[in-house]
Amino acid sequence: MFPKGTKRKFSDSREEPVAGGEDVNQSSLAAVRMLSSYSLQRQSLLDMSLIKLQLCHMLVEPNLCRSVLIANTVRQIQEEMTQDGTWQIMTQALSAANAAAQCSADRLVATEVLCRQTEAAQGEQVPKPFPVVGSEGCPAEEVLEEEEEAAAAEVGMTMSTVSPQAPTSYLPGTFGMDPCWEEEETGEDDDDDDEEEEEDSEECGSGSEGEERERDSLVEDTRTAEQVFGTFEIKNPAPSPDPALEELFSDVDASYYDLDTVLTGMQSVPKMGPYDLLESLSSHGPSPLSSSTSCRSDLNELDHIMEIIVGS
Amino acid sequence: MCKADIISTVEFNYSGELLATGDKGGRVVIFQREQESKNRPHSRGEYNVYSTFQSHEPEFDYLKSLEIEEKINKIRWLPQQNAAHSLLSTNDKTIKLWKISQRDKRAEGYNLKDEDGRLRDPFRITSLRVPVLLPMDRMVEASPRRIFANAHTYHINSISVNSDHETYLSADDLRVNLWHLEITDRSFNIVDIKPANMEELTEVITAAECHPHQCNVFVYSSSKGTIRLCDMRAAALCDRQSKFFEEPEDPSSRSFFSEIISSISDVKFSHSGRYMMTRDYLSVKVWDLNMENRPVETYQVHEYLRSKLCSLYENDCIFDKFECCWNGADSAIMTGSYNNFFRMFDRNTRRDVTLEASRENSKPRAILKARKVSTGGKRKKDEISVDSLDFNKKILHTAWHPKENVIAVAATNNLYIFQDKIN
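Listed in order, the protein sequences are those of chains A and B. Taking the UniProt record's numbering, the leading residue of the first sequence gets 1, the next gets one more, and so forth. Taking the UniProt record's numbering, the leading residue of the second sequence gets 1, the next gets one more, and so forth.
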């Protein structure tokens, strides 16, 4: 009855016994509900991991061990999702939306999430079950932690509570606002969540300088994600390096700068993908969509399709 | 609280007379144990500050546009060869050999120069005298004798002095280098796990240590929970291990966090050289060097955190690197936890205790009270529930005196020194 993969535990609280002797319909419904809850938690974990790999705002080289462990976790989730077939659906939907929005189709889902993350970075912090970590890392790392907390707060609450509670808000839901550099969209937010509305208005008031900085850091993210997750591409091979850049660094010992390319973005290809796509794919609730881009109507359909696939 | 004061490493020297600490601000503070005096027989030698110096300064890598932190990652003492003491201290990129010497006498009555150092006019010298040594206020000087730089692309996580007292190894995330203490302009790369394509990187080196007696043997641990023992006599590049230690995974407890919590944060040989101990996120394992397929002993440090792994992943606590240490007799082991708790395990009696390093909860010279974290539903009096643990108060660094039951525990920016109860 339970498909493979359900043995893997997120937290002990996730396990929910299905009483024997129930109506067959009820038990199968509960099973499916549990499975979709697992999928959602897995998706949340994936998003959280991708956020953690974001390397902007770093003054000091990030901890390679930590990055490798997080990347391995993402790879693990991706493998499982590939087996489930969820990954294909997501990448197909993403590339379709990408094509519709006239973006390069060989960018990863990861990239989209990373692009959007800087928005949540400036959002206000949400109270967490565990206190703020004052780690031994550099101040920049703490800033990053704060960002992650803001974005991942919802997930934290979901994960550490008992699972019967229906997941009301997920990590992607935090991205319910539109990024600031789409200038036609200001603080408007269709999301129901008050917190997210506050975050949105805060961010959009950051001004042009802030946008510039964000754009640069996002640029770094895309390159970073590409380097770290080159192996995650399913449909398309990793893009070839920029020939101009190659020429510039041709007489430099490549081995020394391998880490350099991983950690600091050097190419600039701004990403302007459909930011709500990932959210709509993974959330149950209505996704906040505005009508300013042409791919929104496609997303509506995709959203509907995903609801059917994941929710039923 | 000043961030620069956070202690990042603690280490006793070979005799236990000196205790060195390094902090995030790049400073080294050395404590010396006072000689037991007949006047105060009940206060066994206390540790007082002996020397403080700035070991490393922050640097800026212009090529990568990144800062290099001055935080001292590790300190390792060299065996004492003369009146001076020497230690190695390292940050992410550079290792320095410091000589700490003290002067408590000075010579007076020189023939060729005055008391204030000025040269005397040779014509004025009419007689010869022998200078005498007079006591002076003790002055401790630390001077950098060697600087071992530019050998590590990645962050140095370990240094270890070899038993030959001539060489030492340094390990970063992907490579292990062997140095001669006298030679600073070159080192030998003995382990290199960097893949040709960095995108294929899935495993890093987390710690390395030289064998305490066999100068050709060393071990290094990985982020996948494995330990490799290498013999430098076998090949110049020790990429192929002589022994490979890994415990098979328990399939029933597999989760997305399994790999992260299996990552080894510290590896330490026993003083005897027969065993080694590894610390992963939730446990400490003792391995017999002759048995590779599983540890001989496993001690749970804070198993109650297993159900909280997702939250700990979220707030990054799951990446905390706890150290562990043996006592001098190899009969007990110690490691830190959260909420300023640290744990000690007796290998013979299998008893364990949780203690707290905190000023509020223990008076000086009072016996430490054992602590308990309540795991089940009902919380007994004096127990602390898992949810009220403070994850900011982590004890990552502890050290045990090589001969006596004296321990040093670093709790963020405070150093606690505990001694056995005097009967």
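Heads up, some of the hints might be wrong.
[Unchecked claim] A short, non-exhaustive set of chain B residues, derived as facing chain A with CB atoms under 10 Å:
(1) Asp61
(2) Lys64
(3) Leu66
(4) Asp92
(5) Ser127
(6) Asp164
(7) His165
(8) Asp172
(9) Leu174
(10) Leu178
(11) Leu181
(12) Phe257
(13) Glu259
(14) Ile260
(15) Cys310
Derived from the structure by calculation, the hints contain no laboratory data. Glycine residues also receive a C-beta, built at the ideal position from the N, C-alpha and C atoms.
To see whether the hints hold, each was checked on the structure:
1. Asp61: holds, 8 Å
2. Lys64: holds, 5 Å
3. Leu66: Since the shortest Cβ distance to chain A is 5 Å, the answer is holds.
4. Asp92: holds, 8 Å
5. Ser127: violated, 63 Å
6. Asp164: violated, 30 Å
7. His165: Since the shortest Cβ distance to chain A is 30 Å, the answer is violated.
8. Asp172: Since the shortest Cβ distance to chain A is 9 Å, the answer is holds.
9. Leu174: With Cβ-Cβ at 8 Å, under 10 Å, it holds.
10. Leu178: violated, 20 Å
11. Leu181: violated, 26 Å
12. Phe257: Holds, because the Cβ-Cβ distance from phenylalanine 257 of chain B to chain A comes to roughly 8 Å (cut-off 10 Å).
13. Glu259: At 6 Å from the nearest chain A Cβ, glutamate 259 of chain B passes the 10 Å test, so the hint holds.
14. Ile260: holds, 5 Å
15. Cys310: Cβ of cysteine 310 of chain B sits 4 Å from chain A, so the hint holds.
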